[in-house]
Structures are given as structure tokens and as C-alpha cells.
Amino acid sequence: MTRSPRALAGAAVLVAVLATAGCDGANHAAEAAGPAVALDEALHAALPEDVREAGVLTVANDPSYPPASSFGPDGRTIVGFEPDLGAALGDLLGVEVRFEASPFDTLLDDLAADRFDLVMSAVTDTAEREQQADFVNYFRAGSSIVVGRGNPLGVHDLAGLCGRSVAVEAGTVQVGLLERAQARCALRIDVQQVPTNDDALLELRTGRADAVVADYPPAVFVTTDPRTQNSYQLVSDTQYEPGLYGIAVAPDRTELRDVLTTALQRLVDDGVYQELLDRWEVGHGAVDAVTVNGALPAG
Amino acid sequence: MSRSRQTRTGGTRLFAAYAAASLVPVVVLGAVLAAGIRQDAVDRALEYGRAQAAVVEEMAIGPALRGQDLRTGLTQAERERLSAATDLAVFRGSILRLRLRDFSGTVLFADDGAVGEVGSLPDYPGGEDVVPSTGPAFTLAAAGGTDVALLDGDGLAVGRVIRVLQPIVADTSGRSIGVLELLLPYDTVAAEVEAATTRTYWRLGAGLGVLYLVIGAISWSTTRRLRRQAAQAEHDALHDPLTGLANRELFARRVDAELGRGTPGAVVLVDLDRFKEVNDTLGHHAGDQLLREVGTRLSATVRAGDTVARLGGDEFGLLLPGLDAAADAREIVERVSDALAAETVVDGVPLAVEASCGIAMHPADADDVETLMSCADAAMYQGKRGASGVVVFDRRCTAPSAHSPALQLEARRGLEDGDLRLHYQPQVDLATGRTVGVEALLRWQHPRRGLLGPGEFLPALEQSGVMGALTEWVLHRALADCAAWTAAGEDWTVSVNVSVRNLEAPGFAATVARLAAAAGVPPSRLHLEVTETALPADLAAASACLADLAAHGFGAALDDFGVGFASLSHLRSLALTEVKVDRAFVTGVDAHAKDAAVVRSLVELAHGLGLSVCAEGVETPEVADWLRSVGCDRAQGWHFSRPLPWPELTRAADLVPALPVEVLP
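From first to last, the protein sequence lines are chains E and H.
So the first sequence is residues 1 to 299, counted in UniProt numbering.
So the second sequence is residues 1 to 665, counted in UniProt numbering.
Hints should not be assumed to be uniformly reliable.
[Claimed, not checked] Cβ pair distances, simulated, as ranges: (1) Thr134/H to Asp110/E: 30 to 36 Å; (2) Arg188/E to Thr134/H: 55 to 61 Å; (3) Ala289/E to Ala77/H: 49 to 55 Å; (4) Glu47/H to Arg208/E: 31 to 37 Å; (5) Thr106/E to Gln76/H: 47 to 53 Å; (6) His284/E to Asp129/H: 38 to 44 Å; (7) Ala191/H to Arg208/E: 39 to 45 Å; (8) Arg279/E to Gly36/H: 55 to 61 Å; (9) Arg279/E to Glu47/H: 30 to 36 Å; (10) His284/E to Gly207/H: 46 to 52 Å; (11) Thr134/H to Gly283/E: 42 to 48 Å; (12) Pro242/E to Asp129/H: 55 to 61 Å; (13) Arg208/E to Ala195/H: 44 to 50 Å.
No wet-lab data here; the hints were simulated from the structure.
Positions of the beta carbon are idealized from the N, C-alpha and C atoms, including for glycine.
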């Protein structure tokens, strides 16, 4: 009879092993909370009265530019280092910063029409754009060339794009970049302007375009993200015509522009800025000092 | 028979336990695997539904709504594009129900045209109701997830279906604009899955069945082997491997069982005489053959219900149940004895086996195994000593056998407790009538049985390891006493009996010399008496020891000469100083002419070899006179003095009867 309990124990072990094999450990990775940023009353008081009353700053954004901004897993929330920076600014200023999706090539027009308070959407600060808005510069990036995996056409630099069809997001600095490159080409570059950067990548993926020219961060993102890295490849780490991203503010709202500049500089000084960029693995594009309208002359 | 059945029952129980114990994991394994297979089938169905819905969403719905936002509702053009994209699938039944809903839950497009707020929608008796917009499934899909469910309940008119809710992402940005609700048919897939599952169940069942059978077979063969081994081990433990007879243990059990039954019977011990000689001269192989033959003859001679056992060495035991009278037992045993006596040929040498048989009756003689066996043992030894080979235990013979192990133990304890004594018997110079020496004789002051002579316990000790220590003790004691009487002015020699085994022990002569030196006794005062009957065929070791002793100056006497096996050559070759003539010749010298002739010749022979002669057992003055007349040197016996402890010896020596001294002319 002494044998029976031992046999039952053996069976119990067997059951336990099978049960363990059958069930997956439920892994719910908790979303890391952003760095704590305390409200600064002085900065809050310095905000224009209408903003303080509304308690919200609306930000126009084209969420097709990861890791700057894109739709999150639910397909409705905008995530990226720009929303995170915006949220940190909101915490510091004591207002809600609300990102709203909008097509890229009409962002500055919408701003001019007062539909939003700000534009924060990887908009490169250029002299031309400074005609329409003031820019609080918060990031530095140049353009890169993305081709299909394996680089079947052997594109290695801008000159390699001559005679090729290239997809770009409408209204971006890459359109100008390609125009300038065209000047040095014997063959014409067939530039296809599409509404979003994702659409440009779709053109490349489906063979309707030979390359995509986009900012360096999103180019790195698509060539390293597990879902897309099998389709795309970065030609090189060269960043053409580096420029500064800027938060666009209507030219007549200098008060808001200056508060934003001060607040952003505070985040830079506190290290919050660097921490947020690092979290999205774009620490290489950090600026040391926040400038206003720091457009670099076009190359 | 009953034992083997018992073993088998035990084995069957063991096997049943094994079988039951191994059934548990097999059944559990089967249940777990079956549940896993069922869950796998469900998971496959759900995965199938998820994949189908994804294809529908990406290839039909998404393109039709590309770049649109459902917040503003659907335009006529969009509705037409949606219809065009999905009509065929709906018509063919690939899609049972299709609904496009915004995040508030309002149905914007449906395959059956039923659109609007959830509350305003028609009832679906078939069960394909609109999923409530507040439920977990809809909430999950609105948050970007995909909810897949297998609807398998009653009341579903459309059969089993897979319901999928997932977000609608109509462009490359990954932006979700609403929720797609799909009902997909599952019946055809289910049939296939079910068939596959059933097949898997059958295979699993068959596999587990085979597994169980294999485990069962292994258990069966294991328990059978264990059972056989146990039976074999039990048999081995209870039987003598040489003869196949019962061994001492089994014999004792049978005797015990017989005693428990209460009916009278007999226990017989049979001991072969001079078996050792067969072993020594013909070798152990021949000895074994002889023992086997004896076993066969014993078994063939006793009755059917009797037990024959080999108790060890050349000793056999018989259990003869159902005998009232000792005479009946004696009749059987005599038949046995006769059967053994018939000549047998071992290794080409014809042998006549003689055996001493001791019979003890129960319950007359004893009612416990040990006592009964020792009674039979005592009777057997009586037979060995006496003329008759078959002896029935006699209650009057109360002394336990000198061989019994209990006695051995007691004797050891006696030695340790100082219960052993030395008595001395004077040896008288026949010429002068003066005591010239004494023979040390061992006595045991037994706590219950009184003073015992060496014959009553020495045989027990000879077979034990205590003999060496005992001899040393005797030497030590004798030498100490000798020193004592020397101090008291006596010049007696002391004679100590030693066995041949003592002489053969390495370093014995050195030990004797050391003890003598320690006691301060000169070597010439110590005589060692070797019993003549104990002299073995190979004398090399003993002879060397005697020579060594002689070189030290010790005297050596050959004891009991004339009744044993010593040959005359011993007298010539051994380093002896004296011959002691056995009492068997001495007692009758004055009455029997033959005894007188022997003793006279022995005296002459010894003197011729340069040895002195001492006569033992002198009980009358006539004998003493006669011995003196033939020139015997010394004598001892009751006529002169009984053995006494040393302090009383002086007085006794004084009382030695004066010999009539012949006046020499």
C-alpha cells in the first residue's frame, strides 16, 4: 500500500508538467510611465490668456512618421517622441496638449487659418516656411534614401536616383531636396508625391516606386522594425541636408512661442528631453539649445 | 505448497497494485491530451476566423473606404463600393453577416441593409444579433484588438459560426476608423476538424492502450521475477545447498511446528563417525560425495512424513512425528543406521559409514526446540562414547552435552570470572616413595553444577577460539603455584597437559619459555604432557615445537600411551623425556597377565629409548608394589592422593602411604 501514494505523486507531477506546457505565461508588459514633470506656475502664468482659459493646446500632426508620430496599437491614439514631448510641455505649462491627425501638406495652412494652436509633425524649419510661421526648434535630422531589401537597383546616393521613380510625402523638404538633385542629373527623377510617408513606402513596397526619400529617423524605423525590415533597406547612414524640426507657431503669437521656447529649454536642461528621445532611440538628433527660427540655409 | 500459493497471492496483489498505479498516470495523460486536442481544434477554428476576417478587411473593406473617415457617415459612392466588394462573398455564403460600425456602435453598412442605431435594428431570431457596443468584444475591437468567438449554442439557425470583431484600418497610416463585425460559417470546417479530432482520439486511445499493456507486461514480468527470486531465496535460506535437505533453520521450524501440534514424536541427531578422516585422507570432494550419499540414504529410509535435515558438518537431524514410544523411534533409527552402514564407494574407495544417533522424545523429554535438540545431542554423544550407535535420551543423564554452545559460552565466562581452578595430583617416585612432581588438572567451579572435571567442558572449548587463552592461563597458574611451593621448600616438578593444537600454534615454545621466566621457574621443573590420542598424522609442526621446548630444557611426556593411535615411531622421533602408561593397562596389572606383560614391555621399551615411565591410575598398594618391581619410575593415582588444590597439597604429600622399602642385600 505504501506504493500507491508514490504512484499518485508521480501522476501529479506528470499532470503538473502537462499543465505547465499547456499554458503560456501571460506577459503583460507594463507601459513605462514618462518622467515626472512638475507644473511651473510662472510659465503657466506667462501663457497667453486665451490658452490658459481653454486649458488646452491643440497640435496638428501627420501620424505617419514613426518614431516621431504614428498611430498606436489601437489605431486611434497618436504615439511617438513628439506626443511625448508635447505631453511633457503640457505638464510643465499646466495645460493639456492634444494631438490631432491632419494631412502634412496642409498643416501650415491650417495653422494660419487658426484651426490649431501649434504644428508639431517633424516639420523641418526652412526659410521658406518661416514666411508662414515661427519655429521653436527641437530636433535635428537630415534626409535618407530607403530602397527595397537587397537594393536591387544599386542606389547608393542621390546621384543614383537619376532616372528612377522616387516616392515622397507631399509638402516635405524632400520634395525640394529631389528638385535640387534633379539639377545634377542627366535623366529625370520621377518624383511621386503621395499624402503620407506610409503611402510612399507602400509605393516602394509594391514596385511602383524605386526609392523613398524621408527623414533619417523614420527611415531607420522602417528598416529596423520587425514587421517591415524584410521589405526595406537604408542605402547609407548619410543624412542629406540636415535641418531642424520646429514646433510651428503662428507669427502673431510670439508670447506663446516664447513660453514654449523657455519651457522646452527647461526640459532640455532637466534631462527630460534627452530621456524621452532616448526612449524612442533618436537621442542622436537632440539639440543642445532650443532656438527659434534656426533654419539652416538650403544646400 | 501452501507457501508457494502464498507467494503467488502476494505477487498477484503486487501486480494489481502496479497495474492500478500505472493506470492512473495513463488515464490522466489521456484526459490531458484529449482536452489539449479539443482545445487545439477550437484554437484552429478561431485562428481560421481571424485570418478570414483579416483578409476580408484588407482586401474588400479597406480599399473601398481608403482614406475615409466613418465619423461623417458613408457616402453613396462608398456604399456602392462596399457592396461591390462584398456582394459575391455574401451571396455565396462565405460571409454569413457583415456589418460596418463606427465607434459608437451604430451600424453604417450591413450585408442585409439593416443599418442605424443598435436599438433600431430588427431582431434576428437566428441568433446573429448585433454585438452590443458596450460589451467586451466591441470594446476590444474599438481599442485596436481582434475578438474571435466560436458560437456553438442552441438557437443558432445558421449553424455553428465564428464571430469576428476587428478594427477597420483603411489606409497605410494604421489609423482605425471603425469596427468590422463578421459572422463566418464554421460547419464545413467543423466537420473536417471533428473528423480529424476523432481520428486523433482513436490514435491516442490506441497508443495509450498499447502503452498501458506494455507497462502491464513489464509489471507482470517484474513481479513474476521478484516472486521467483523470493521463492528461490526462501528455499536457499532454508535448505542445505550440498544435499538439498532442509537446513538447521528449517529443521528447527518444523520441530517447533510439530511441538506446537502436541502429538508425540521423536527428534534424532545423526552424527557420522570419523567423517573428518574421510575429508582429510580423500579430500573435500569425497567428503561432499559421502554427505550427499548419506542424505540420499537417510531420505530413502525414513517414512514419507518424516523430515531429514543436514544440520551442519557431518551432523544430520531426523524429525519423526507420530511416535508414542521410544522403542518405535529406535526401530526406525536402527534401520537408518543399518542403511548408512552399508558399504559405499567414494572416489573408488569403499567406505563403511558409521553414525552415532541420539533420540529424544517429545513431549516426554522436552517441549521446546532447544532443549529437545540438546537432549538428542546429549544422547548422540553418549552413543559416540559408548558401544551402542543408537541411544535414546535418558533423563537421568542430566549433564548437558560437553559440546553444547551454551556450555561454550558459560565456560568462557567462567574463565573470565576466575571460576577455573587447578588441582594437582602428586606423582610419586616409586623407588623412594617421595613426591617428586605433580600433574596440574583443570577444574571448573561451576556456579550451579559444582566442581566439574575437564571432560565435562573441555570438548566445548576445543572447538572455540578460547583454547589458546585457556592454555596460557593454565600455564601461568601452574607456574605461579610451582614458584609458590618452591618458595615453601618443595622441589616438585609440575606437569601441564597441552593439546597438539597448542604445539602447532606458532610461537608456543617461546610463550612457554616467557611464562616460565616470568614466574622464575627453571625449565626443568615444567613438564608438558601431550595426549597420545591427539597426535595427528602430520607431526612436523608439533615435532618442531617439542624439539624447541626440549632445547629450552622443558620436559615433555607422552600422555595416555597405549590406548590411542601413537606409533612406536613417535617415541623414537619426538623429543620426549617421559612416557605415561594409560590407566587402562595399569589398573589390572596385578590380576591380568596380559596387562602385566604390556606394562612390563612398555617400561623396558621406554627405558631402552632413554625415557622415564610414569604409571597412571594406581589405586591399590599391590599395583604400586608391582610397578616398582618392574622398574617403573613414577606413579600417580588415588592410592597416593586425589588431585587437590596447591595449599592442601603439602599435607597430602606428607600422607602418601609409605612404600614397603625392600632392603637390598
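Item checked: List of violated hint numbers, smallest to largest -> 5, 6, 8 and 10
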